[in-house]
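Asks: The whole structure should be built from the sequences, with the hints applied where relevant.
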Amino acid sequence: MEKAIKKHAVIFILPTLAAFIIGFIVPFVEGLYLSFCKFTTVGNATWVGLANYRAAITDTSFQRAFGFTVLFAVVSILSINILAFALAVLLTQKLRGTNIFRTVFFMPNLIGGIVLGYIWQILINCVMTIIEQPLLALNATAGYWGLIILMGWQQIGYMMIIYIAGLQNVPDSLIEAAEIDGANRLQTLFKIKIPMVMSSVTICIFLTLTNSFKLFDQNLALTGGDPNHMTDMMALNIYNTFYARSGMQWKGYGQAKAVIFCALVIFISLFQLRATRSREVQQ
Amino acid sequence: MNIKKKVGNTILVVILTILSLLWIYPVFMILINSLKKESAISTGSVFKLPTAETFAGLENYINAIESKGFLNSLGYSLFITITSVAAILLFCSMCAWYITRVKGILSKVLYFLFVFSMVVPFQMVMFTLSQTADKLHLNTPWNIWVIYLGFGAGLAVFMFCGFVKSIPLEVEEAALIDGCNPIQTFFKIDMHMLAPTMISVGILEAMWVWNDYLLPTLVLDIKKYKTIPMLIQYFRGSYGRVEMGPMMASIMLTIIPIIIVYLSGQKYIIKGVASGAVKG
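Listed in order, the protein sequences are those of chains A and B. Using the numbering used here, the letters of the first sequence map in sequence onto residues 39 to 321. Using the numbering used here, the letters of the second sequence map in sequence onto residues 288 to 567.
Think of the hints as simulated: they come from the structure by calculation, not from any bench. Note that beta-carbon positions come from the ideal geometry of N, C-alpha and C, so glycine has one too. Treat the hints loosely; a few may be bogus.
What the hints assert, rightly or not - Dumping the calculated EDC-like pairs for lysine to aspartate or glutamate here, alpha-carbon to alpha-carbon at most 16 Å:
#1 B:Lys-422 with A:Glu-68
#2 A:Lys-229 with A:Glu-214
#3 B:Lys-475 with B:Asp-465
#4 B:Lys-452 with A:Glu-40
#5 B:Lys-475 with B:Glu-460
#6 B:Lys-335 with B:Glu-325
#7 A:Lys-41 with B:Glu-460
#8 A:Lys-44 with B:Glu-460
Stated by the list, open to error - The following residues of chain B were derived to be distant from chain A, with all beta-carbon distances above 12 Å:
#9 Asn-289
#10 Pro-337
#11 Ala-343
#12 Phe-366
#13 Lys-475
#14 Ile-486
Stated by the list, open to error - Each pair of labels, with its calculated beta carbon distance range:
#15 A:Asn-137 with B:Leu-423: 45 to 51 Å
#16 A:Met-286 with B:Lys-554: 51 to 57 Å
#17 A:Asn-222 with B:Ile-543: 43 to 49 Å
#18 B:Thr-338 with A:Ala-301: 52 to 58 Å
#19 B:Ile-470 with A:Met-286: 47 to 53 Å
#20 A:Glu-318 with B:Asn-430: 42 to 48 Å
#21 A:Glu-170 with B:Asn-430: 50 to 56 Å
#22 A:Asn-82 with B:Ser-329: 47 to 53 Å
#23 B:Ile-543 with A:Arg-134: 27 to 33 Å
#24 B:Thr-297 with A:Ala-301: 50 to 56 Å
#25 B:Pro-455 with A:Asp-210: 28 to 34 Å
#26 B:Gly-362 with A:Met-39: 42 to 48 Å
#27 A:Gln-310 with B:Leu-308: 33 to 39 Å
#28 B:Ala-339 with A:Ala-301: 57 to 63 Å
Replies: Structure, rendered in structure tokens:
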């Protein structure tokens, strides 16, 4: 059968492959190359070696954006996963209205990042006015917590769905056996349910981790980096390096930052997958 | 014991109800403000309900639709989402079938590259991608789907591969013996069996394309074409004083179709998210 299929390789893989080359492979390779160049376009570039990387690493705004992103990622991964798991446990107790609650909690996920950002900007600015604090444009602390709340509002529902699917796969017989052995609700939760849903935990942490690091739209719309780039995350910092200033050296810095950013995201996600995979229980 | 459990459950339901109300409040807040007169909307008064004096009816909505090019943007967004998702579903399922069925170095390399592309952040390729798109004239709403197919292929191929593995080979072999060529086998047999995965992938990709902001901003000519997220962002960026009324009305007009689609297809959407994650 393989031979028969092989004859039609062009029809089956060419459309995707061609688009993939245009949309990913070529830009990726060119991006890698340009990070070693001073350039305005792909055609107009001169090799400068590691100069861009040196400039990128010593750029204090980039370091600050990195720190801000890490601080954001840690708090948002923890809060989203804990709350999403708690909701999932509650919504698998066969309570009344479970479907309605699930529908409501998931809903914000479908709204795009730009729109979400503005909704929360309006809301948070109003709260700030009432409690007589500076607005988001001048208030980095509010910007930070605003981003955490916004991300939570958007992603808790999504992760909750994944945890619910995981919890529903835990065999009832296991839970019954534990109950017969005299385990109370908390013990079944920690000794049976959590170990059994570790594969969902792996996925959810992976998703929240990469989403937090790659966050852009919400950051742009909610704070735009205000005040004075204090709330820039890495993606926004790279974007600003590319497009906020003219002058040909900036694009090279931006591309070098992008490569560092890309390597960082890949490294962290591989590390995380390895760390949580080892805790999964084989069924 | 039973009564205690019942009381406990009731308390939980009450807590969850309050939490859900808080959860939808931000959307409700935009809705009530979009019905207020422009002069009545200020930073500090967002929580107030409209009164007889400040109630503006649908004025802001009419304003948003008539003057800000909302309908054009809606059209572009719809067209781009439909063409991109259709292309992704058709071509990526074919590609995934091929690389699962034909073992070899090409299949292995492709699979690795597709998975790799899922992790790479968009900033890595944004500049070079927009240049490539310009060079190949893929910078209009009519053909930007090629770019989406390329950048979205990773997730789609990955999910389809996971499912194709579970289709028994015997079914396809039977079709081949009955005289189907591989193309007929794929479209008559596998396409049908892939339908549930198609829905999941379609939903995930549609959510992405519909809400995507940065890719169309960099690829399309913003003066000529604005998708809905671009329009909302443009609204904010280009005016000295933002007109809050029409702005909130535009946000509502963006959210309402999403909520309608969600409520009518939520069974599939939630299933799609869950199965997409399990495959991941």
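Asks: Hints first: check each against the structure and report whether it holds.
Replies: To see whether the hints hold, each was checked on the structure:
For the suggested pair Lys-422 of chain B and Glu-68 of chain A, the alpha carbons sit about 14 Å apart, so the restraint of at most 16 Å is met. A C-alpha spacing of about 13 Å is found between Lys-229 of chain A and Glu-214 of chain A, which places the hinted pair at or below 16 Å, so the restraint holds. Simply put, Lys-475 of chain B and Asp-465 of chain B have alpha-carbon atoms about 12 Å apart, close enough for the 16 Å limit, and the pair holds. At most 16 Å may separate the alpha-carbon atoms for a hinted pair to count; Lys-452 of chain B and Glu-40 of chain A meet this at roughly 15 Å.
Our distance criterion of 16 Å between C-alpha atoms is met by Lys-475 of chain B and Glu-460 of chain B, whose separation comes to about 13 Å. This hinted pair checks out: Lys-335 of chain B and Glu-325 of chain B have alpha carbons roughly 14 Å apart, not beyond 16 Å. A C-alpha spacing of about 12 Å is found between Lys-41 of chain A and Glu-460 of chain B, which places the hinted pair at or below 16 Å, so the restraint holds. As the CA atoms of Lys-44 of chain A and Glu-460 of chain B are separated by approximately 15 Å, the hinted pair is consistent with the 16 Å bound.
Its beta-carbon lying about 14 Å from the closest one in chain A, Asn-289 of chain B satisfies the requirement of being farther than 12 Å from that chain. The beta carbon of Pro-337 of chain B is kept farther than 12 Å from every beta carbon of chain A, the shortest such distance being approximately 15 Å. With 12 Å as the threshold on Cβ separation, the claim that Ala-343 of chain B sits away from chain A holds: the shortest Cβ distance comes to roughly 17 Å. With 12 Å as the threshold on Cβ separation, the claim that Phe-366 of chain B sits away from chain A holds: the shortest Cβ distance comes to roughly 17 Å.
With a closest Cβ-Cβ approach of about 14 Å to chain A, Lys-475 of chain B is found to remain outside the 12 Å limit, as its non-interface label requires. Separation of Ile-486 of chain B from chain A is adequate, the least Cβ-Cβ distance of about 15 Å exceeding the 12 Å criterion. The hinted range of 45 to 51 Å is satisfied by Asn-137 of chain A and Leu-423 of chain B, whose Cβ atoms lie roughly 47 Å apart. Between Met-286 of chain A and Lys-554 of chain B the beta carbon distance is about 53 Å. The supplied range of 51 to 57 Å therefore holds.
Taking the beta carbon of each, Asn-222 of chain A and Ile-543 of chain B are about 46 Å apart, inside 43 to 49 Å as hinted. Distance hint check: the CB atoms of Thr-338 of chain B and Ala-301 of chain A are about 56 Å apart, consistent with the given range 52 to 58 Å. Checked against the hint of 47 to 53 Å, the C-beta distance between Ile-470 of chain B and Met-286 of chain A comes to roughly 50 Å, which is consistent with it. Checked against the hint of 42 to 48 Å, the pair Glu-318 of chain A and Asn-430 of chain B passes, with Cβ atoms roughly 43 Å apart.
Separated by about 52 Å at the C-beta atoms, Glu-170 of chain A and Asn-430 of chain B satisfy the suggested range of 50 to 56 Å. Remark: the range hint 47 to 53 Å for Asn-82 of chain A to Ser-329 of chain B is upheld by a beta-carbon distance near 49 Å. Judged by the Cβ atoms, the range 27 to 33 Å given for Ile-543 of chain B and Arg-134 of chain A holds: they are separated by roughly 28 Å. Remark: the range hint 50 to 56 Å for Thr-297 of chain B to Ala-301 of chain A is upheld by a beta-carbon distance near 52 Å.
Taking the beta carbon of each, Pro-455 of chain B and Asp-210 of chain A are about 29 Å apart, inside 28 to 34 Å as hinted. For Gly-362 of chain B paired with Met-39 of chain A, a C-beta distance near 45 Å keeps the hint of 42 to 48 Å intact. The supplied range of 33 to 39 Å is met by Gln-310 of chain A and Leu-308 of chain B, whose beta-carbon atoms lie about 35 Å from each other. At about 60 Å, the CB distance of Ala-339 of chain B to Ala-301 of chain A agrees with the hint of 57 to 63 Å.
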